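Undergrad: All chains, full assembly: derive it from the sequences and hints.
Number of protein chains: 2
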Amino acid sequence: MNILIVEDEKRLASALKQILTEQKYMADVVYDGEDGLEYGLSGIYDVIILDVMIPFRDGFSVARELRKNKIQTPILMLTAKDTVGDKVSGLDSGADDYMTKPFAPEELLARIKALTRRKGEVILDESSFGDFQFNASTGMLSKGSKSVHLNFKEAEIMKLLIANRDIIISKEDIITKVWGYDSDAGSNNVEAYVSFLRRKLNFIQSTSEIKAIKKVGYRLESRDD
Amino acid sequence: MNILIVEDEKRLASALKQILTEQKYMADVVYDGEDGLEYGLSGIYDVIILDVMIPFRDGFSVARELRKNKIQTPILMLTAKDTVGDKVSGLDSGADDYMTKPFAPEELLARIKALTRRKGEVILDESSFGDFQFNASTGMLSKGSKSVHLNFKEAEIMKLLIANRDIIISKEDIITKVWGYDSDAGSNNVEAYVSFLRRKLNFIQSTSEIKAIKKVGYRLESRDD
DNA sequence: GACAAGCCTTAAAAAATCCATAAAGACCAA
DNA sequence: TTGGTCTTTATGGATTTTTTAAGGCTTGTC
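So the sequences go chain by chain: A and B.
All the letters of the first sequence, read from the start, carry residue numbers 227 to 451 under my numbering.
All the letters of the second sequence, read from the start, carry residue numbers 227 to 451 under my numbering.
It is worth saying that the hints were derived from the structure and are not from the lab.
The model shown is predicted, which means the values in this text are computed figures rather than measured ones.
Check the hints yourself; a few may be wrong.
Intra- or inter-copy, both count: the list cannot distinguish identical chains.
What the hints assert, rightly or not - With a cut-off of at most 20 Å between alpha-carbon atoms, the simulated SDA-like pairs for lysine to any residue come out as follows:
1) 385 <-> 439
2) 441 <-> 323
3) 385 <-> 442
4) 243 <-> 366
5) 385 <-> 443
6) 440 <-> 422
7) 372 <-> 449
8) 372 <-> 428
9) 236 <-> 323
10) 339 <-> 244
11) 236 <-> 256
12) 379 <-> 397
13) 294 <-> 241
14) 379 <-> 435
15) 236 <-> 299
16) 397 <-> 324
17) 379 <-> 443
TA: Structure, rendered in structure tokens:
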């Protein structure tokens, strides 16, 4: 899966690239609209992430030009928080989806997944670990007849823990993935949420546990050693 | 079911095609009036979606010419919002229905369904969920002897909720499907309608409820736990 | 044992989200 | 135009989520 990133803010661009390559996407980065258009016209990409405010040629223009040239690659448009009107212009100019900065990596990945999902394909976001199940789309954590609802951030963290199964995930990772690349959440935020999750795992009487590894991070473990 | 789309705005044309193919319709697209006429004359289509403002030969003319050649295929005419007078000309020229741009996908599908419904054919767009029934064609929501009428938007939202049964549907989704892809309706609009629906569900004494999942969306649930 | 560092839990404050309702506006038919 | 219905917008309050902060616990070191 090839993704083109058109973003002039170096810091954000490289963060994006990192998020994507971590998920095994191939990502190319260009820093202005002219290059974005040229690369996009090649037609080799599966998704184009396109910032609106970029040098030489803005994102709307790039999108329009691509569509004019019959390039149907899904476009995910990035814009600053407050420019709500951009949404309309964005979709009008041919973008398929639209995301305001700043955003959490998880959201980015979800949107890319949605854009590349074939129509009609049904996805069940149900996973199980150890002795419990977690349904990511409803946020329900359950074991047997017991179940609890996880709120948004709890669910995000649980997803990460399950996705990373028996490997250790650092607090830093959790922060950047759940709170976003430029959030100012600290390690205590993660600790608090881990605590909430433990209480809920406990409530459903799961024997699995979120283990802390000092100075390294957390790991979800099932107790069948 | 074969549908012909005659629309020169590439983006809209492909959006239309996508909406239709998602519903298992076969859709062909042509980009001007000449082609539209030629394809339409083949008589193989069950519906023709015809934009008024298209190159070479406008929609009215295409419609008239088709009718002159005894082609009875139902025609759904598309025109821009403000040209209200077109409605008359459209129906005069032989169109069967008429829709202003922009429109919500749900509306398009409803109109096509209406056009392809054979006269006298009785359709029961009746669905039930939990302890109540909803008749999508009359907009009647009922349980036992109690019933209320749902107005257009209430009905659209109810349809979505029922169609999505126990899965969560996001406000964004509801907005794009009910208000249209470039509307500027906000989450408050959805909230207001959900509130209306709850009141009506309550009025007919249904025990089903529309549950909100914070930061995620809504889900219709029947209370039989 | 005393200390420090990192982690845990909890309560409470702050913020975000959702709710119901009212009021204003738009639309349509008579 | 007027009255009625449908839709949008605004508001304050209720609820839930998220953040913050403080003190306690555990582990490792001296």
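Undergrad: Taking the hints in turn, state whether each one holds.
TA: Results for each hint:
For the homomeric pair residue 385 and residue 439, the shortest alpha-carbon distances inside one copy (19 Å) and between copies (17 Å) are both at most 20 Å. Proximity of residue 441 to residue 323 under the C-alpha cut-off of 20 Å is restricted to the inter-copy arrangement: shortest distance 19 Å between copies versus 39 Å within a copy. For the homomeric pair residue 385 and residue 442, the shortest alpha-carbon distances inside one copy (19 Å) and between copies (15 Å) are both at most 20 Å. Neither within a single protomer nor between protomers do residue 243 and residue 366 lie at most 20 Å apart by alpha-carbon distance, with minima of 31 Å and 36 Å respectively.
For a Cα distance limit of 20 Å, the shortest separation of residue 385 from residue 443 qualifies both inside one copy, at 15 Å, and across copies, at 18 Å. Taking identical chains as interchangeable, the C-alpha atoms of residue 440 and residue 422 lie at most 20 Å apart whether they share a chain (19 Å) or sit on different chains (17 Å). In this homomeric assembly, residue 372 and residue 449 come within 20 Å of each other (Cα to Cα) both inside a single copy, at 19 Å, and across copies, at 17 Å. Proximity of residue 372 and residue 428 under a CA criterion of 20 Å is satisfied intra-copy only: 11 Å inside one chain copy versus 29 Å between copies.
For the identical chains of this complex, residue 236 and residue 323 are inter-copy neighbours only, at 17 Å across copies versus 22 Å inside a copy, given an alpha-carbon limit of 20 Å. In this assembly of identical chains, residue 339 and residue 244 lie within 20 Å of each other by CA distance both inside one copy and across copies; the values are 16 Å within and 18 Å between. Taking CA atoms no more than 20 Å apart as the test, residue 236 paired with residue 256 passes inside one copy only; the shortest distance there is 10 Å, against 27 Å between copies. Taking CA atoms no more than 20 Å apart as the test, residue 379 paired with residue 397 passes in both settings, with 14 Å inside one copy and 18 Å between copies.
Taking identical chains as interchangeable, the C-alpha atoms of residue 294 and residue 241 lie at most 20 Å apart only when they sit on different chains, with a minimum of 15 Å there against 30 Å within one chain. Taking identical chains as interchangeable, the C-alpha atoms of residue 379 and residue 435 lie at most 20 Å apart only when both belong to the same chain, with a minimum of 18 Å there against 25 Å between chains. In this homomeric assembly, residue 236 and residue 299 come within 20 Å of each other (Cα to Cα) only across copies, at 14 Å, whereas the closest approach inside a single copy is 24 Å. For the homomeric pair residue 397 and residue 324, the shortest alpha-carbon distance between copies (15 Å) is at most 20 Å, but the shortest distance inside one copy (28 Å) is not.
For the homomeric pair residue 379 and residue 443, the shortest alpha-carbon distances inside one copy (17 Å) and between copies (15 Å) are both at most 20 Å.
Violated hints amount to a single one, hint 4; each of the other numbered hints is respected by the structure.
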